[in-house]
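Line by line, the protein sequences give chains A and B.
Sequential numbering from 268 applies to the first sequence in my numbering.
Sequential numbering from 212 applies to the second sequence in my numbering.
Possibly wrong hints are sitting among the right ones.
[Claimed, not checked] Once the Cα atoms are required to be at most 20 Å apart in a straight line, the calculated DMTMM-like pairs of lysine to aspartate or glutamate come out as:
hint, chain 1, residue 1, chain 2, residue 2
1, A, K538, B, D312
2, B, K403, B, E393
3, B, K403, B, D456
4, A, K437, B, E334
5, A, K538, B, D294
6, B, K403, B, E371
7, B, K403, B, D420
8, B, K403, B, E459
9, B, K403, B, D312
[Said to hold, decoys possible] Over the 10 Å line for every Cβ pair with chain A, so calculated as not near, a few chain B residues:
hint, residue
10, S249
11, G271
12, D301
13, L305
14, V368
15, L468
FYI, nobody ran anything at the bench for these hints, they're computed from the structure.
Even for Gly, the Cβ is constructed at its ideal location relative to N, Cα and C.
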Amino acid sequence: MTDPGRTTARPPVLRAGGPAAKGSRQTQYRLVQIVSIMMLLAVWEFSGRRFGSNLTFPPVSSVAVALAQRLVDPEFWGFLWTTLQALFVGLGLTIGVGIPLGLVAGRLTTVQRLINPYLNFFLSTPTSPLVPIFLIIFGIGLAPRVATVFIFAFPILVVNTITGVRAVPKSLLEMAASFGVSSGLVFRRIIFPASLPAIGAGLRLAAGRAVVGMVVAELIVISVGMGRLIQRYSSSFDSPNLFAVVIVVLAIGLLIVRGMAVLERRLGQWKQITNGSSR
Amino acid sequence: MEADNERIIEVAGVTKRFQTTEGGVLTALQDISFSVRSNEYVSVIGPSGCGKTTLLRVLGGLIPTDEGEIQIHGRPVTGPGPDRAIVFQDFALLPWATVLDNVAFPLEARGIPRAERQQRAGEVIGLVGLAGFENYYPHTLSGGMQQRVGLARALAVDPETLLMDEPFGALDAQTRRRLQNELLNLWQRYRKTVVMITHDMEEAVYLSDRILIFAPRPGRVAEEVLVDLSRPRDEHVRRTTAFADLVEHVWETLQRLTIE
Ligand SMILES: Nc1ncnc2c1ncn2[C@@H]1O[C@H](COP(=O)(O)OP(=O)(O)OP(=O)(O)O)[C@@H](O)[C@H]1O
Ligand SMILES: [Mg+2]
């Protein structure tokens with residue numbers, strides 16, 4: 268946006284930040300978290316040495332060594348890339364199809380009636396049994412895994428987007444109508460921004476389910492990527508490496524969901540602030 | 212000012228019914244007829260639920276009539292038009308857009324290029340006393356300032372007719388009075404045809420040339436009050452006996468109507 272020569276008044280920054288006191292409390296929380304993680308690691312190390320072994324429950328130090336070895340192993344990065352490919356393509360497809368479909372279905376009751384049974388079906392039934400079917404339909408390769416990620420993540424995003432569109436204030440639509448605003452502009456300037464908070468929540472939930480879909484596909488049926496490594500190390504009783512790979516998978520999930528949560532906060536910014544102020 | 216006596220709005224026998232949720236029919240407007248001259252300031256006052264907002268939405272072309280017709284400049288109203296702009300009771304601002312973007316929104320809808328609409332929006336923002344707040348978001352403004360944005364947005368399209376639905380109804384008494392004065396000044400300088408819904412009797416007398424008093428169930432025009440206070444007006448007029456008499460007259464009429 269161009270700055271139209273502001274002189275006196277400055278708009279307040281659009282951020283839900285707090286005063287300094289809040290900052291110091293946050294440092295405290297951080298400290299407590301770090302201490303608790305350290306204690307957990309210590310207990311893990313101790314019990315691994317005392318009761319476990321590298322064939323069963325390994326001490327954290329062995330896992331750390333295994334993790335370091337994997338991280339310098341080119342094969343590992345190739346497998347990781349295979350896994351991430353399915354996740355990113357599937358999630359991209361979810362976003363590219365889910366948001367437009369949700370926006371349309373939110374506006375057109377006919378479309379919503381049409382897709383609702385399917386959405387409810389995929390949201391309420393276990394989706395894992397579909398993976399072998401995808402394998403048969405799509406063959407081996409990227410496609411069945413992308414399909415799995417998609418079918419896990421897609422419904423929740425559509426449902427959330429529909430909810431967002433449905434919640435657009437009637438008064439704003441009437442305002443737009445009174446000024447003769449075209450439906451395209453109503454979509455871009457009102458319906459889309461109004462549904463962004465709900466879309467953000469949908470993205471976070473969809474990302475979590477996408478990670479589950481990714482793991483399920485690789486672990487149950489299509490033995491590639493991280494799933495393949497997990498199977499390899501568990502069948503050879505290589506516990507340190509098994510733990511290392513599982514940690515990597517958990518980290519991927521955590522990072523993606525965290526990233527989406529940040530995005531959600533950004534998308535929902537206007538709403539949080541508006542709710543916070545009284546009128 | 213040559214057209215000062217021209218009838219710009221003609222409402223003839225307008226009836227509007229709504230389907231109630233219980234399956235009955237509610238007559239919100241019954242055989243309404245009145246006309247508004249060019250640059251006239253007309254207020255509509257009446258008890259809650261008597262169809263005032265419905266009348267405004269019909270005038271704005273947002274909902275169709277069931278019977279009768281509305282003509283503006285001799286053309287029947289079939290929908291919203293660039294000749295009319297509405298100021299909403301709840302402001303109806305886009306929370307995610309700045310003051311500037313809110314005011315420029317109807318201009319964007321008209322395909323006016325960005326630079327031009329921002330300049331035009333900037334002008335009307337200055338007109339309503341919000342210069343310097345262009346990049347603020349609505350939630351950071353007081354209610355009075357938010358309604359100034361609503362007013363600026365309506366003025367931005369330079370409509371011949373301004374339709375206002377209790378524009379100051381959501382504001383505290385002090386803010387309301389200040390905005391009444393500012394609106395009065397604006398109107399006296401720029402002259403528009405105004406139809407304003409209100410249930411503030413003093414506001415109606417202070418601002419209007421004519422007051423339509425509505426009666427409820429079914430909504431209809433019960434009485435017309437001519438406000439023959441000289442113009443330009445300012446705060447002093449509130450202390451005259453003529454002003455007090457008019458307010459009293461409106462009050463008595465409303466009393467009689469609600470007792471009936
Ligand atoms: N879309 C609608 N569907 C059904 N009934 C409606 C609708 N709009 C208004 N009504 C009814 O019509 C009547 C008149 O409503 P309207 O909003 O015009 O009243 P009003 O005079 O503006 O009231 P207030 O002073 O409370 O704003 C009310 O009884 C209302 O319930
Ligand atoms: Mg009303």
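Each hint tested on the structure:
For the hint linking K538 (chain A) to D312 (chain B), the alpha-carbon distance of about 17 Å falls within 20 Å, and the restraint holds. For the proposed pair K403 (chain B) and E393 (chain B), the alpha carbon gap of about 14 Å is at most 20 Å, so the pair holds. Simply put, K403 (chain B) and D456 (chain B) have alpha-carbon atoms about 27 Å apart, too far for the 20 Å limit, and the pair is violated. A hinted pair counts as satisfied when its Cα atoms are at most 20 Å apart, and K437 (chain A) with E334 (chain B) does not qualify at roughly 29 Å.
Under the criterion of a C-alpha separation no larger than 20 Å, the hint pairing K538 (chain A) with D294 (chain B) is inconsistent with the structure, at around 33 Å. With a CA separation close to 6 Å, the supplied pair K403 (chain B) and E371 (chain B) stays within the 20 Å bound. About 12 Å separates the Cα atoms of K403 (chain B) and D420 (chain B), which keeps this hinted pair within 20 Å; it holds. Between K403 (chain B) and E459 (chain B) the CA atoms are separated by roughly 27 Å; this puts the pair beyond 20 Å, and the hint is violated.
With a C-alpha separation of about 24 Å, the suggested pair K403 (chain B) and D312 (chain B) falls outside the 20 Å cut-off, and the hint is violated. No Cβ of chain A comes within 10 Å of the Cβ of S249 (chain B); the nearest lies about 21 Å off, and the non-interface call holds. Not every C-beta of chain A lies more than 10 Å from that of G271 (chain B), the closest at about 5 Å, which undercuts listing it as non-interface. D301 (chain B), annotated as away from the interface, has a beta carbon of chain A within 10 Å; the closest lies near 6 Å.
Distance check for L305 (chain B) against chain A: the nearest CB is about 7 Å away, which does not clear 10 Å, and the non-interface claim fails. Residue-level check failed: V368 (chain B) sits 7 Å from the nearest beta carbon of chain A, not beyond 10 Å. Non-interface call for L468 (chain B) relative to chain A: holds, since the shortest CB-CB distance, roughly 29 Å, exceeds 10 Å.
Comparing the model with each numbered hint stated earlier shows that hints 3, 4, 5, 8, 9, 11, 12, 13, 14 do not hold.
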